[in-house]
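S.K.: Letter by letter, the chains look like this.
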Amino acid sequence: DTGVSQDPRHKITKRGQNVTFRCDPISEHNRLYWYRQTLGQGPEFLTYFQNEAQLEKSRLLSDRFSAERPKGSFSTLEIQRTEQGDSAMYLCASSDKSWGPELNSQETQYFGPGTRLLVL
Amino acid sequence: AQSVAQPEDQVNVAEGNPLTVKCTYSVSGNPYLFWYVQYPNRGLQFLLKYITGDNLVKGSYGFEAEFNKSQTSFHLKKPSALVSDSALYFCAVRDWLRGGADGLTFGKGTHLIIQP
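So the sequence lines, in the order shown, correspond to chains A and B.
Going by the working numbering, the residue at position 84 of the first sequence is 84; the numbering climbs one at a time, nothing skipped.
Going by the working numbering, the residue at position 106 of the second sequence is 106; the numbering climbs one at a time, nothing skipped.
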């Protein structure tokens, strides 16, 4: 039984560089979420996909951030022109298929180990 | 807008004693409530959730949580704490009205420290 995996686990980059993170959800989970967690805070929602469609984006997701899920399986999160304020843990979660808006809200999200980003 | 408050940054409990980690929430509609645990350098692990029905929800590792609508609370409890329960605990809420469109809203987390 494989859970959600994320790669890399750690990334150190210099300000202004671009970085890309990958998330592999639990097999056959059709919903995939990205969150950001800074020190001393809980995770904050960034965006989510249902299959390959990106259905919602938080206002936290500036235009330097882009996420894709081209085949409805793995997803990538890219940050362009990184800033020191982007330093955080980036978490991915996935959940199983559900039917209807209310059931979507009830679903359990399973999280990966996260990618810790440090921007120098 | 939905929100979660975890009023205690840290809770200290002696091993073998009961523990409670507090959580209160605010939503426009009916809440769906979740507890997750995070160990150092690891992602969040699901413990339990409240959707509807019995106000006392049982979850993993002997944890349970009690939903109280009048007090808008969802406190996490365990009858007898173990040193291995020491971790960071997060309460999260979803408003059914949003249809799952905005992810979970988390509290800031509570460090639970179980002393031998």
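Hints are computed from structural coordinates only; laboratory data are not their basis.
Treat each hint with caution, since some may be false.
Stated by the list, open to error - For lysine-lysine, the following DSS-like pairs were computed, each having C-alpha atoms within a straight-line distance of at most 27 Å:
| hint | chain 1 | residue 1 | chain 2 | residue 2 |
| --- | --- | --- | --- | --- |
| 1 | B | K49 | A | K57 |
| 2 | A | K57 | B | K58 |
| 3 | B | K77 | B | K58 |
| 4 | B | K22 | B | K108 |
| 5 | B | K108 | B | K58 |
| 6 | B | K49 | B | K69 |
| 7 | A | K11 | B | K108 |
| 8 | A | K71 | A | K11 |
| 9 | B | K108 | B | K69 |
S.K.: Next, verify each hint and record whether it holds.
M.R.: Structure-based check of each hint:
1. The hinted pair formed by B/K49 and A/K57 meets the criterion: a straight-line CA distance of about 25 Å does not exceed 27 Å.
2. For the hint linking A/K57 to B/K58, the alpha-carbon distance of about 33 Å lies beyond 27 Å, and the restraint is violated.
3. With a C-alpha separation of about 10 Å, the suggested pairing of B/K77 with B/K58 holds against the 27 Å cut-off.
4. Annotation: proposed proximity of B/K22 to B/K108 holds, straight-line Cα distance about 12 Å (limit 27 Å).
5. Proposed proximity of B/K108 and B/K58 is supported: the alpha carbons are some 23 Å apart, at most 27 Å.
6. Our distance criterion of 27 Å between C-alpha atoms is met by B/K49 and B/K69, whose separation comes to about 15 Å.
7. Restraint check for A/K11 and B/K108: satisfied, since their Cα atoms lie roughly 24 Å apart, inside the 27 Å limit.
8. Simply put, A/K71 and A/K11 have alpha-carbon atoms about 25 Å apart, close enough for the 27 Å limit, and the pair holds.
9. Pair hint B/K108 plus B/K69 holds up; C-alpha atoms about 21 Å apart against a cutoff of 27 Å.
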